[in-house]
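Build the full structure now, drawing on both the sequences and the hints.
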Amino acid sequence: MLYREVGEFKTSYAADQQTFPIRFDKLAYFIILAFAFLVVPFLINDYWANAVLLPFLIFGIAAIGLNILTGYCGQVSLGSGGFMAVGAYACYKLMTGFPDMNLIICIILSGGVTALVGILFGLPSLRIKGFYLAVATLAAQFFLVWLFNKVGWFYNYSASGQINAPEREMLGIVISGPNSSPQAVYLVCLSFLTVLALIARNLTRGAFGRKWMAIRDMDIAAEIIGVNPLMAKLTAFGVSSFYVGIAGALLFSVYLGAVEVGEVFGIQKSFLVLFMIIIGGLGSIFGSLAGAAFLVLMPVVLKNVMVGSLGWPVDIAAHFEFLIVGSLIVFFLIVEPHGFAMLWRIIKEKLRLWPFPH
Amino acid sequence: MPAEFYYGVEVFLNGLMAGVMYSLVALGFVLIFKASGIFNYAQGIMALFAAMTLVGFQEGQIPFAHLINAVFGTEVHHFGWTMPAFFAILFALGVMLLFAFLVEKLILKHLVNQEPIILFMATIGLAYFMEGFGDLMWGSNVKKLDIGIPQGGNFWIEENTAFLGGADFYGFYLDTLDIYATVIAAVLVTSLVLFSQYTKTGRALRAVADDHQAALSVGISLRSIWVIVWGIAGFVALVAGIMWGSKSGVQFSLSLIALKALPVLMLGGFTSIPGAIIGGLIIGVGEKMFEFLIGAPLLGGATENWFAYMLALVFLVFRPQGLFGEKIIERV
Amino acid sequence: MISDASSLIVADKAALDTVPKLIAHHIQTRPSETAYREKEFGIWQSWTWQEAGEEMRALAMGMMGRGLKAGDHVAIIGRNRPYFYWAMVACQSVGAIPVPIYQDSVASEMAYVLNHCSARFIVAENQEQVDKVLEVQDQLENLEQVIYLDPRGMRKYDHTRLTTYRDIQAEGRANADKISVQMDRIIAKTTGQDACAMLYTSGTTGRPKGVVLSHDNVIKTSQASSEFDHLVAADSVLAYLPMAWVGDFIFSIGQASWCGFCVNCPESTDTMQQDLREIGPTYFFAPPRYFEQVLTTVLIRMEDAGTLKQKIFRHFMDFAAEVGGDMLDGKPVGLLDRLKYALGNLLVYGPLKNTLGLSRVRVGYTAGEAIGPEIFDFYRSLGINLKQLYGQTEASVFITQQPDGEVRSDTVGVPTPGVEIKINEDGEVFYRSPGSFVEYYKNKESTEKTKDKQGWVATGDAGFLEKDSGHLRIIDRAADVGKMKDGALFAPKYVENKLKFYPSILEAVVFGAGKDMCTAFINIDLQAVGNWAERNNIAYSSYQELAGNAHVYQMVQGHINEVNRDIASDEMLSGCQIHRFLILHKELDADDGELTRTRKIRRRVIQDRFKDLIDALYGGKTEIFVKTPVIYEDGTSGSISATLKIEDASVAFVKETAA
Amino acid sequence: MSRKTAKTDTKDSYVTADGRTIGPAVMEMQNITLRFGGVIAIQDISFDIREGEVRAIIGPNGAGKSSMLNVINGFYHPQEGQILYKGEVRKPLKPYEIAHQGIARTFQNIALFKGMSTLDNIMTGRLTHMKTGMLSQALWWGRAQKEEVENRAFVERIIDFLEIQSIRKVPVGRLPYGLQKRVELGRALAAEPSLLLLDEPMAGMNVEEKEDMSRFILDVNEEFGTTIALIEHDMSVVMDLADRVVVMDYGKKIGDGTPDEVRSNQAVIDAYLGVSHD
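Chains as they are written, first to last, in the numbering used here: chain S, 1 to 358; chain D, 1001 to 1332; chain Z, 2001 to 2659; chain W, 3001 to 3278.
None of these hints come from the bench; they were simulated from the model. Any given hint could turn out to be false.
Just the calculated beta-carbon pair ranges, DEER-fashion [unchecked claim]:
1. 3129/W <-> 1115/D: 23 to 33 Å
2. 22/S <-> 2051/Z: 23 to 33 Å
3. 127/S <-> 3129/W: 21 to 31 Å
4. 1317/D <-> 3141/W: 51 to 61 Å
5. 3037/W <-> 1317/D: 22 to 32 Å
6. 2640/Z <-> 27/S: 49 to 59 Å
7. 2152/Z <-> 3174/W: 21 to 31 Å
8. 3149/W <-> 2641/Z: 50 to 60 Å
9. 1115/D <-> 3270/W: 40 to 50 Å
10. 2318/Z <-> 347/S: 21 to 31 Å
11. 27/S <-> 2332/Z: 48 to 58 Å
12. 3129/W <-> 2152/Z: 19 to 29 Å
All C-beta atoms in this analysis are idealised placements derived from N, C-alpha and C, irrespective of residue type, glycine included.
Spelled out as structure tokens, the structure:
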């Protein structure tokens, strides 16, 4: 209905292959981006930042990461929580180890470290397939969490066993530690998400993306047309873990500030991220974000409704949250296995064909 | 002989009995997987849910009491009566069967011939749902479960084995509950095997497992089979729930034994009942011994958390089809 | 296309009297603007005037090198592709005359034309076309060179007379130094009097005639018509109609080279709709048939829409029908209506035009047949400036066209600037214009029959000029306007058109000359009727079965009755009411010679082909068995047989027009 | 015109009646034997595939044709015998390494990537030619984009060649069987293979589709001079396609030569009379 595509023709492949081939979409994209960067910072307060925006941005990154591995390359992982922990602890060690290093650099390096760990745990994927692999990744999850619990070196032998993010500045603005302003933190996370989303898009639409999808859709055929399965899977594990690691690092350094591995990076987190991409849509960047947004917002809404408005005890709201998330997963798997992404695609098609139904 | 050795033996025995528990849960998985190709992640929660329900009936709790109170501002909790364990178990079983029926009706029916991974994720969703539902229904507080199985160290064994180790060995410490559990588990397993071997339904189950189409063509309704299988799985869950529940109280951690069952399956293979049992024993013994010999002294303990998975992982890399699974030949 | 001939740089376009000179002008003045586009390999390949000029030049020199001389005829066979437009200009720049030929014509038809114009060179698109030529090559004694564009599958062919387009161009480039000067000389000395192209009229009767058009004809007409509609270089057209048809020649060569706008060629015939949408031309021509079909599909697709959508759609379309046309004609419309129209534009009109690819159309034309008023109004109410023109090959298309603001479905507009019109005593329309053709090639006597000493050309159509508006109205082909037994006027086409305005009727053929009553053959529209059948759950397995269906007969009968009532109101033609009719068991088809390639009905052919049916209509039979030979797409022939019902239609009494 | 003019006697190149040059052997199978456990799939078979020819391997179902194809493209490794590729002995390689050596194939039961569009599927065929590193791809700068565009251009030629422009961006899952086969051929062609293996290209096609497919196979061989080895159980299809034919039965080679020679070969006749081949 809103689309006016007449006269939009492509005279080069570069133009034909761009991310937003339709002018209208491109416009919308830039408007949203501008709004997020230029307007939102002036609207937010602590509550919005901490309850909604930051978790959304950070888990958005994690979801994109897991989607690259699961949605694009078809390797299911239940280890996201563990890998986020790796990111967080790597970041902590770097921050404390090199106090002068820019936090941004620390975070990116943490991503790199996580990538290496991811590749390590990805090695078995050559032999193990399907949910055998999914279960195998649990090993990563539990082992890593145990590791960060047990080995004092990781939390600098602090009495509490917790890790705390020291205060860091960038361009003279505090972006970590208790004194950081929500705006600053928001912008840091938003920038990370934007850049990483773009990179993910570029990777998935190019040769790497095709290798991954080939492996996902039919690994034998993929190998016979010349895709090296191990390399394809390991790159997927690497990239995916890089994203998840950065998410973990951000979660720790700029968002929570203090972390106890067991409760923050437990198996539940792994599932949470997995659910995000199922509900959002496997094999779709947009889906990852949509899923993250949904699973971050839903509890907040429930809480506000039940606890805030109805005055119910918190634990009931929590129970309901489980109940609803669970049913939604099943619902989506039954009704629309491709999640929000597909719904969105359908709506868009309808809009383009309006007034015709198909 | 040094006492360490006997302590080792003791650990080994405890491991065996823990292993039996694992096998018990794993069994639930295998049954469902064989018949429906579904990897039922919710098995653990089913055990928890079953145990909660049991306790609920025993103590005459009012379902959804919290919710009711929250909504109507009432203060209701108990009906004020208690139910004998036996009946409570029967009721709980009834609930589990009802549950099985609903699962088939509301979920499985709509997911016929989806990829396994989708079904797997569906059961994760189911697990979440049940966790929320269970807590909502019976409350999330830790509950004590007692159906009269004696607990605590078994003195008879302790006394009669003390002589082995000399001065600083006081005999094997084995929990009576574990012994009961072992026996019950053994009985359960054998009966299940017999069931699937010698009853019509059992054979039907196996037929379905081998080939859905064939099963359908000989007039076996896939859906009724699924209901039965999930029913049995529910029953197994109940038993497991009782054992674990009475051992360490009914609480969320109970559902994590499901996760423990996964490596068991990967060792034993998803389709083999004996595999599940042996796998369970290996894991049970393995993690206890590892903790005893390496974990506690060298790694700061608590290695049970991950040992099982690591073992499975490493094992799989060399034998992807598990202990009893047959070799997968890839074709173009 | 002149790279170095500085002698030809002329500031004033009007002084340029040949197509090559005009094109040279654009290359000089706007070298880097896009001249041609073609959808190929998934994207729109584009050529600037500079590049296009180079291509043309290379080809021209190549052909010259191969011995192409001034005055030679060069047949051009293929779908609309830049390469063939270049080929035409290339021919003209060596003084040769391009003869575009319908690419769907069968070998035998081709043989006649190729022989008649004694073509020495042929530029063909691909294996399919080349095969046709080779099939008849022994009948073509003048044939020397076959130049083909797509080499696919022809590796094994004997290449003594075959050469690829690119090889010819390569030769041309190689010999540039030898040839270019000589060629520039030819270009320079060619004048407006010289032949620009020869187009064969699809000839509703007898053999096709080769209409020779001079550069003056083409350019003067193009200039006049372009200025009439203010066409400029910024406009763009989609070239999808047969290259052999004069319209495409005037739009894509004449007007394009006058205005210098960009010519866009679709990827293939079946992607035309999609390509139309991508390009979004500002200047668009399509035959009434096209607009009918699109409208039909629109309505059919809307059938499946949700009720709310349908309500919205209907509501706003009805509203548009009220004010849309007026707004387009710049008539005063209330502010409230304007606002509502804007809303409709957001919800319906805009999106609809968008999906149809007509959003950007500034000037749209239809011609060749009469168009149904409601069809016509539908497009105009959407805000698409669709107009009618009246023309023919002999006039280089334009005779009359409708000025903005005076657009009606029942007239064909006022004479194009420079055109004079007169109506003779039996109502036949004559015109005299700078565009009127030089001659019929090798056909003196019909040239004289058509064009008299003073240059008046007979259109062969009967019509009249409206007193007040000065608009021309066409009744029918003069030849077909006959008398009935009782002497009443018989204008079959007039009736047929009224019938064809019903979406369910694809073709109609009315008989009655010299008879005491009119009868008709009906061809149903498979798409429309088929859909209607589905909705009324009428089962059918074949076109034939559907055509024979009783309900379908009923529906058609209803339409005919309405038409009769309508005709009755006009006492001049009231005799033409249809008394009896039958629905044909097969679609009339150009391959069977029943239609022309431009899908005009061949009355005589049909008359003797279906003689028995006509007799049955007049013989009072209620049904008749027929066996008709048909030619299938693959060229093999078979026959269809069926028993056709014959129905009566109710005839209205002639109203006494009260004075 | 007849294509059945191959010479089997000589090793050096010659020109066929329809003007294609047939070079020396690209691939030589020497005494290949393949076993699965106890089962012998291929028994001591030797034959060669010459540059630029269309080589057919035919035989009744279960004759071991597919196994042979899988040996050629390295999915199975024979227990005995050796394979010479471009004159050199080929050591056991992984399938993807073989692909990089310039051997592409299609599959009997279509193995397209269902989640991707026609275009993307054919693009995957170019993967062996795409070299840019991850960083440049991540940023979609310079090399990566350039490479992407070049390969797209190449693929578009193939799309045009196979006349599938209209389904360019359609997910292959939605395509009819015949078109899917065509897309798969496209994917194999995209690799610019020096040896193209076709596994029962006509299987499950109607007459019309079969004709189309044959035309494409011949065109590929003529336009690109691609060496083609195809297996078929249906003798009739092969005879007008192939220059030379190997006939297998129960894992043994029972005939080898031009279609005419093979047709008149008694062993072959028996095999085909004996076994139903449909």
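- Message: Of all the hints numbered above, which does this structure not satisfy? Sort the numbers upward.
- Response: Hint check: 4 and 11 fail, others pass.
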